[in-house]
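Asker: One letter stands for each residue in the lines below.
There are 2 protein chains.
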Amino acid sequence: MKTRKLANAIRILSINAIQKANSGHPGMPMGMADIAEVLWRKYINHNPNNPLWFNRDRFILSNGHGSILLYSILHLTGYNLTIEDIKNFRQLNSKTPGHPEYNNLLNGIETTTGPLGQGLANGIGFAIAESILSKQFNKPNYNIIDHKTYIFVGDGCLMEGISHEVCSLAGTLKLNKIIVFYDDNNISIDGNVKKWFNEDVEKRFKSYNWNVINNVNGHNNKEIKKAIQKAHNEKIKPTLIICKTIIGYGSPNKSGTSDVHGAPLGINEVEATRIKLNWNYSKFEIPKKVYLKWDAKKKGQKKEDEWNILIKNYKKKYTQLYLELKRRLNNEIPKLFNIKIDKFIYKTQIKPENIATRKASQNTLEFLGKMLPELIGGSADLTPSNLSNWSGSKSFNNDNSGNYIHYGVREFGMSAITNGIALHGALLPYSATFLVFFEYAHNAIRMASLMKLRLIFIYTHDSIGLGEDGPTHQPIEALSNLRIIPNMNTWRPCDQVETIVAWKHAINRLNSPTTLVFTRQNVVQQIRDLKQIKNIYKGGYIIKDCNKFPDIIFISTGSELNITIITFRKLIKIGIYTRVISMPSTNVFDKQSEKYKNKILPNIIKNRISIEASISDYWYKYVGINGTIIGMKTFGESGSAEKLFKKFGFTINNILKEAKKMLIRNYSNNKI
Amino acid sequence: MKTRKLANAIRILSINAIQKANSGHPGMPMGMADIAEVLWRKYINHNPNNPLWFNRDRFILSNGHGSILLYSILHLTGYNLTIEDIKNFRQLNSKTPGHPEYNNLLNGIETTTGPLGQGLANGIGFAIAESILSKQFNKPNYNIIDHKTYIFVGDGCLMEGISHEVCSLAGTLKLNKIIVFYDDNNISIDGNVKKWFNEDVEKRFKSYNWNVINNVNGHNNKEIKKAIQKAHNEKIKPTLIICKTIIGYGSPNKSGTSDVHGAPLGINEVEATRIKLNWNYSKFEIPKKVYLKWDAKKKGQKKEDEWNILIKNYKKKYTQLYLELKRRLNNEIPKLFNIKIDKFIYKTQIKPENIATRKASQNTLEFLGKMLPELIGGSADLTPSNLSNWSGSKSFNNDNSGNYIHYGVREFGMSAITNGIALHGALLPYSATFLVFFEYAHNAIRMASLMKLRLIFIYTHDSIGLGEDGPTHQPIEALSNLRIIPNMNTWRPCDQVETIVAWKHAINRLNSPTTLVFTRQNVVQQIRDLKQIKNIYKGGYIIKDCNKFPDIIFISTGSELNITIITFRKLIKIGIYTRVISMPSTNVFDKQSEKYKNKILPNIIKNRISIEASISDYWYKYVGINGTIIGMKTFGESGSAEKLFKKFGFTINNILKEAKKMLIRNYSNNKI
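Those protein sequences? They're chains U and G, same order as listed. The numbering of the first sequence is the numbering used here, which starts it at 955 and goes up by one. The numbering of the second sequence is the numbering used here, which starts it at 955 and goes up by one.
Keep in mind that the hints were calculated from the coordinates and are not lab data. Please note: incorrect hints may appear among the correct ones.
If chains are identical, the list can't say which one is meant, so a pair holds when it fits in one copy or spans any two.
[Stated by the list, open to error] Think about it this way: if two alpha-carbon atoms lie no more than 30 Å apart in a straight line, the pair counts; the simulated DSSO-like pairs of lysine-lysine are:
1) Lys-1348 with Lys-1149
2) Lys-1524 with Lys-1611
3) Lys-1180 with Lys-1498
4) Lys-1611 with Lys-1297
5) Lys-1252 with Lys-1614
Just so it is clear, the structure is predicted and the values come from calculations on it, not from any experiment.
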């Protein structure tokens, strides 16, 4: 076995850190160490002094369980990651958690990985972002946006369906700056993969129009270099380098087996490996010579300095563009944006229209698109249904100066690519599908929330109100699913005014994602005064009230608000003091002051009824055990929206009936 | 344009039904009509008199938006589906909902389709089931299980990631009885697919080891026949027939465009199409001659009769096997099963062991496997972590007499295949992954619930208790997400006894799915009397009580139950009357009588605290607005389970603190 000292530093750090933590995945870091060494030392233009330098190459460890590989590299090349951090691998509050975590303590992690296949998808999002930005900002002799995206993937990533979605799309989109290294080691957790993963990966990726470099010995630096060079020379296609590696390379007794996949080597095998690798130092000791060779600070700083000079000259020559880029990099909203959108909101309020909120969203995009060139849209083959485009939408699929991506029927891939575009920076992506199909992409939505990405997921066809397509297409659980994801804000506006406010809130949310949920069908625009318009932004507000202490409070959202308000009028007529709360975003409402919340929904009022065509359970949070929830308890059915709303109890009569029942139950009310 | 009258009957019914409904997707039924005609008239061994005849070929319309194609065929071949049903297309309570619905009013629908790609996956499940059953039951000269699975797919299905997962696996598993027809029409909702779906499908499926028959003119019956014949001759590989079709074939002005994908043709174009097709009858009139040629009742009955004779002789010769098959087809549990498992439960109760519930589940499988040969297991490459195998597990991947499927890292594909195995009948499938990765498969879990399939999803590593792998692997929202899916029962047992009961309940649930959620880490076995053991089956029961009216009620599940019980003891010691409810399944508890529920959790007791390491919001349903929820409000972190439980408040001290706070708040209690 021929091994190189520089790569062995990775192996030694990895197996010792894992042994110390008594958990982790040594096989992959040992197998990919040689490739990592060549790539990081020869090619990646990173700067450990400033890990967030914008034109850096992006590196993604899609097989994130091998996190210690990345930590070892960051340590060795000179990032702010000490040997103590390596020793704290997988410990609470360390810089080195079990999987690489973006937006945590350590800069230099481009995305959180672990859920397989998604890192690859994020990387394709990076490449799309790079491509769009280069068209938006580069000028002759000023390639200020010009970097590659390198991705490590394992068998698992390639088995996952999302790898198919995004790689097929990447080939079609001709994203030649993507270079993927496939760790072809034949081993997964259940054993030798050939019994469940026997596809011809080269042929598969060629079918996607990729440049495939096969049979690269992942333990031979010359072959690795040659492959990377070839990838760099490719001007059209993304590149897949299929690296034949031995899992746990260096471990004399366990390499090449699934034993080494997900468990520490054991003290004896760590020692045997040390001897095998001819490594004559203590557990966490790296010789100075090795550190020196790995150190990338000087080289990296030089690259960044060159870029800074380029940018300085660019600033002089293309001042407006420079300022625009700067604004984006600083995650700033254009001046006057909020003033202008507020005007738009007021204007819309006084020009009522009973349109679907998906249409209201498209109208809003028409406003936003012109002000926010950072907006990058897209849909999973439902553009005419989602109404996710606007007059300035230009297809990226035709020309990478575009701002709109036709993702095809690939909800999960779309969402994880959207995450990638957001992660890259300087763009604000949104993407759209039907609400029910959020389930196809669920974990990507979770990852956006975990990473606190600034982006927007649009979901239309938000309830049984979509009608004839039936239960497979009618979301019942989705609103609840979305609302309980930490860090996510979900909005379900009731009319065009609430729609614009939801968008405004989403755009202003600089450090976490937003989900916007819209109707297929038309909704009635509600009447509001200035204060009410302002309070939409708080997620929940009083839209109708009595002038006394209410006997009963209705809470409603979206398309069900209007029947709630009609019921309110009927109750008021017969002398029942009623209040209606419009609650477009429970998440945003929850974050308001206790004072505000108690003003809107006073603790002492127990007569509460929620009305929403979505699963009932969620609403106990607002109406309590003794409240009444008019919601869904079963799946929907195929039929007209009108008949479905009637069948499932979303009618004025049913709300009236439930209100009366509640009043009779909770105190004998002589008004009833 | 050459068209055939028999296929045109499909086209005419389709466009008129869609026009009448004023919604639907005419393009696909028109494009696939010729292929459907050849397949259904010449090949499928169905019997309209008895659509559920067990050895029928299975037909799946994976592109379910073309449902009217299937309804037209079922009508024409003689199923119990009248022309009035066709006229009621997409209406409430009709036999012809917007998408084909299994387990609804119409027999002959093998699976519910609409969410793209999943029908294809179900079909692969059918083929696996057929293969396993043929090994279990066939004898020389008695091929009593011997049928094919035919699947129609569109571009959308092939773009979806799940198609990659399951087709790669199907090729590896050599499922040659699958014949997939790909409707290669170049059009999806956003327009011409080439801009987002430009892969070489033939090459891709060859990379999966499929038999691919390309360039079949989907409007030429001879070519279609030839292709099907070739597919039948294939003895190893699954077959993909790539049919070049014209979407909306027959519509003179709209065929070949995305206009015809998702909207009615319009009255004028329907009329133009009628003329173009030379169809001289009124809207829903089919000439008798055409009906006669389509009628499959006689032919189908003959095929079934032959099979019935075969079965009759088989019964004589292989009586035991026959009885076993009969039991399975009747969805019966073996006699004595419940008596034996009850004994196993009692025996386990009196032999306490503090093991992880995933391990307890494996021990239970050891018991179940021997009694239930219909159990077909599997894992998405996490067998040694999920502990989803048992000593009798034999890999189907090696030999299709096996009962355990190594699915590879393919959660969504696995789950939809599991649905397919359940749909096929005579097998009881279960499949396993980590709880957090249920999100990768979310919509398949929903589909299982919508279809009310008898199957079991196992999810291990159920909380922050999995420790070091960190937030990407720690489910927070999943329990809530699973619990709110209509028809699904979710269990989270606290120890090995509750684990066996959960399994018992799942096995006895003949008409809907169950989810079993298990810990990675060891849990303490609880003490129970006979009555308590019996009440586990009710989903929630009193595990600790005071002999007075309780001051406070704790509700807890799974790994958090033990600290709750220790806290209970402390409170009892200081004179606080406390009750502890173990609630392994909220869904099952919800279905108990009001009397039982009120006995366990009396309405009048408002001092309630829930303790579960899962998202808080769900628990308002049980503790109310003024209750206390000790749950998760954020994502988890990477670290040891012990430290994480402490950090997030799952400690005896914190429960004590919250209990005291509640008692002080709700009434000045001089005990505190």
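Asker: If a hint holds in the structure, say so; if it does not, say that too.
Answerer: Outcome of the hint check:
1. Lys-1348 with Lys-1149: Result: close only across copies, 13 Å inter versus 45 Å intra.
2. Lys-1524 with Lys-1611: within (12 Å within a copy, 47 Å between copies)
3. Lys-1180 with Lys-1498: For Lys-1180 and Lys-1498, the Cα distance exceeds 30 Å both inside one copy (71 Å) and across copies (69 Å).
4. Lys-1611 with Lys-1297: Result: close neither inside a copy nor across copies, 40 Å intra and 50 Å inter.
5. Lys-1252 with Lys-1614: Answer is neither: 76 Å inside a copy and 59 Å across each miss the 30 Å cutoff.
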